[in-house]
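Asks: So you can see what is in the structure, the chains are spelled out below.
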Amino acid sequence: MPMNRNDILEKLKEILLSADESSRDVIHLVNENTNLHTGLGLSSVNMLYLIIATEEVFGIYFDDIGLNELQTVGDVMNYIEGKLS
Amino acid sequence: MIANTLEQYRNYTGECFSRIKSYDTIAQMWEERSKEYAQLVAIEYDGKSYTYAQLAEDVAKYRTVLKSKGVSGRVALLIPNSYDFVKAFLAAVTLGCTAAVLPAHLDEKSVFGVCRMFGASTLVYADATEGATALVAKAAPDITLINAAETADELTEAADCKGSDGCTIIMTGGTTGKPKGALLSNTAVMQGIINSCLGVPGTFEQRYMLVLPLSHVFGLIRNLLASLYSGCAMYICRDNKNMFRDAATFRPTIMVLVPALAEMALTLSKKFGRNMWGDSLKTIICGAANVPQYLIEEYAKMGISLYPGYGLTESANLVSGNPENINKPGSVGLIFPGMEYKIVNDELWLKGKNMMDGYVGCEEPDAYEDGWFKTGDLVRMDEDGFLYITGRIKEIIVLSTGENISPAELEAKFNSLNLIQDSQVFEDMNDSGNRFLALEVVPRATETAKLGDIDVNAKIIEELQKINQSLPTFQRVAKITVRTSDFERTPSMKIVRYKKCQ
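Protein chains in written order, with my numbering: chain A, 1 to 85; chain B, 1 to 502.
Rather than coming from a laboratory, the hints here were simulated on the basis of the structure.
Glycine residues also receive a C-beta, built at the ideal position from the N, C-alpha and C atoms.
A portion of the hints provided could be inaccurate.
[As the list claims (entries may be wrong)] Taking lysine to any residue and the SDA-like style, the derived pairs with C-alpha atoms no more than 20 Å apart in a straight line are:
| # | chain 1 | residue 1 | chain 2 | residue 2 |
| --- | --- | --- | --- | --- |
| 1 | B | K479 | A | T54 |
| 2 | B | K35 | B | G47 |
| 3 | B | K109 | B | K61 |
| 4 | B | K241 | A | Q71 |
| 5 | B | K499 | B | L471 |
| 6 | B | K241 | A | M3 |
| 7 | B | K479 | A | T34 |
| 8 | B | K61 | B | Q8 |
| 9 | B | K271 | A | Q71 |
| 10 | B | K109 | B | P329 |
| 11 | B | K301 | B | E347 |
| 12 | B | K241 | A | I27 |
| 13 | B | K466 | B | D422 |
| 14 | A | K11 | B | F272 |
| 15 | B | K241 | A | F58 |
| 16 | B | K271 | A | S18 |
| 17 | A | K11 | B | D422 |
| 18 | B | K270 | B | N242 |
| 19 | B | K271 | A | T38 |
| 20 | B | K328 | B | E57 |
| 21 | B | K479 | B | L451 |
| 22 | B | K499 | B | N290 |
| 23 | B | K270 | A | D20 |
| 24 | B | K479 | A | G59 |
| 25 | B | K466 | A | F58 |
| 26 | B | K328 | B | N242 |
| 27 | B | K270 | A | I65 |
| 28 | B | K466 | A | E69 |
| 29 | A | K13 | A | Y79 |
[As the list claims (entries may be wrong)] Among the chain B residues that face chain A by a calculated CB cut under 10 Å, a handful are:
| # | residue |
| --- | --- |
| 30 | N275 |
| 31 | Q293 |
| 32 | L295 |
| 33 | V482 |
[To be verified] The calculated label-pair distances, taken between Cβ atoms and stated as ranges, are:
| # | chain 1 | residue 1 | chain 2 | residue 2 | range |
| --- | --- | --- | --- | --- | --- |
| 34 | A | P2 | B | D453 | 49 to 55 Å |
| 35 | B | M429 | A | N68 | 43 to 49 Å |
| 36 | B | R251 | A | P2 | 50 to 56 Å |
| 37 | A | D25 | B | G202 | 45 to 51 Å |
| 38 | A | N6 | B | R19 | 57 to 63 Å |
| 39 | B | A300 | A | N6 | 39 to 45 Å |
| 40 | A | E10 | B | P329 | 47 to 53 Å |
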């Protein structure tokens, strides 16, 4: 059964939580509009973590996009959705 | 005092110690070592392997390219991590030039400014960075532009260089944060390479995987040059997003990492229940930022020795290394043999063969005193000679990625807006403990009054964001706050700096 956007969002939250369990309260509030940099404070290395973990969890490759093109959680969700479709 | 640690390093380095010898210049080192390791793989990049012999031939051909264009003096390299970087760097340096290694992300104005600041006669670029050479091409006809991919049929011999000749210029914020270059002689770089090999057992014929930028002293000297010196194979990762897939095929035995990358790999390994680096990796050299003790301990559980060290751009990388740090939590190790040091009011002062010849592009009269380089780092040393960093005098913010942020440099850019009276860039922390760069500004009332009936704060933030977005990604602030009152000031009216993450 294909994943819907909510499933994708929940899996992304799991990925973020696994990197920083102490941020549970902040990550719980993450939505499509959450900015990865200003909202979550992700550094360039945190972004690498997010991408690599997302590739593992969803079985996809971020092979045609630069990290700078991903600004919000929604951007990541859109990319995943496009790859899974 | 002179660090008398040779015997300790001999013990820690093991059998390899006898193979560590010095050369006067990089040209001499490359001439001898490339022949010694001729049939071994030197570089793997973009699906191709290059032996030391092949690399030596390509370097000799590129010397022909440079010589045919009359290149001499200072050569700026604007080349991302690649085989062509290695080839062009070695060709320039062995031809007696000083290679100024520019970060490949610089925009065209910065490239122009840095070339002028360093007095570059030549700018070598890659296809990927050609766009950033446009201003130099237009406004600096005296600077020769050369593509790093060019080649020639003829081979040109290395020049007769001296140890005191300039080898490289590496960009740094130094002790004040103003951008400039640290000029390192051949002698300094050679000593930096030797220091890299001390204290690491089995340092020869390893397999390195490069993920740090070659424009950074840690990537250039500790990774690339140490690898070539010691007959290692070095895989150049094209895109760090692929580093673990690359590691699975290349199977590195040693990595040079900043703590943030080491930590990221550890977290991923825990999440997915397997060592992301693969079982070949045995050694991590970790530095350029504070190394948490738990990283050493967690990697030890995975059978990987993580060696923290301490170094500066001004010292051609390593000043101290940590062969057996596990018993010395928090230490950055023993100062390398022959290095002169003294501790003045808790600040570490240094002299030695590996120290730079000075800054290029910016006078720093306070950087030296009586011939000693004042590091700006506050230290203590225990009874066994192990060094501990206890703080920093300088205002530089060192991100967990190892990148240096100069608040003064960024503030000058934000203060260029008429709407801004003063500003402060600092490292802040969100509720979950993640660190990020933040900016607070005090508006200039005489200018904001002219804005009329609009949302003044929104306008200020909009203008600041335009500047922010024009900065390299790692320099961008993640949060902007418009203050309603001035900053707290010292008696001399300097801003009292926030220390939220210290």
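Asks: Evaluate each hint against the coordinates.
Replies: Hints, verified against the model:
1. K479(B) to T54(A): 26 Å, violated
2. K35(B) to G47(B): 24 Å, violated
3. K109(B) to K61(B): Not satisfied, since the Cα-Cα distance of roughly 31 Å exceeds 20 Å.
4. K241(B) to Q71(A): Status holds; Cα separation ~17 Å.
5. K499(B) to L471(B): 23 Å, violated
6. K241(B) to M3(A): The given pair, whose Cα atoms are some 24 Å apart, is violated under the 20 Å limit.
7. K479(B) to T34(A): 14 Å, holds
8. K61(B) to Q8(B): Violated, at about 42 Å.
9. K271(B) to Q71(A): 24 Å, violated
10. K109(B) to P329(B): 44 Å, violated
11. K301(B) to E347(B): 35 Å, violated
12. K241(B) to I27(A): With a Cα-Cα distance of about 23 Å, the restraint between K241(B) and I27(A) is violated, given a limit of 20 Å.
13. K466(B) to D422(B): 17 Å, holds
14. K11(A) to F272(B): 14 Å, holds
15. K241(B) to F58(A): 15 Å, holds
16. K271(B) to S18(A): With Cα atoms ~7 Å apart, K271(B) and S18(A) stay inside 20 Å; holds.
17. K11(A) to D422(B): 43 Å, violated
18. K270(B) to N242(B): 18 Å, holds
19. K271(B) to T38(A): 25 Å, violated
20. K328(B) to E57(B): 45 Å, violated
21. K479(B) to L451(B): Violated, because 23 Å separates the two Cα atoms, which is more than 20 Å.
22. K499(B) to N290(B): 16 Å, holds
23. K270(B) to D20(A): Given that 20 Å is the threshold and the Cα spacing comes to 12 Å, the pair holds.
24. K479(B) to G59(A): 33 Å, violated
25. K466(B) to F58(A): 35 Å, violated
26. K328(B) to N242(B): Judged against 20 Å, a Cα distance of about 34 Å means the pair is violated.
27. K270(B) to I65(A): Violated, at roughly 26 Å.
28. K466(B) to E69(A): 17 Å, holds
29. K13(A) to Y79(A): 16 Å, holds
30. N275: Where the cut-off is 10 Å and the nearest Cβ of chain A is about 14 Å from N275(B), the hint is violated.
31. Q293: 19 Å, violated
32. L295: Violated, about 13 Å.
33. V482: 15 Å, violated
34. P2(A) to D453(B): 49 to 55 Å: 51 Å, holds
35. M429(B) to N68(A): 43 to 49 Å: 24 Å, violated
36. R251(B) to P2(A): 50 to 56 Å: With a Cβ separation near 37 Å, R251(B) and P2(A) fall outside 50 to 56 Å, so the hint is violated.
37. D25(A) to G202(B): 45 to 51 Å: Once the Cβ atoms are compared, 46 Å apart, the range 45 to 51 Å for G202(B) and D25(A) holds.
38. N6(A) to R19(B): 57 to 63 Å: 60 Å, holds
39. A300(B) to N6(A): 39 to 45 Å: Holds, at about 41 Å.
40. E10(A) to P329(B): 47 to 53 Å: Violated, since E10(A) and P329(B) (Cβ atoms, about 39 Å apart) do not stay within the stated range.
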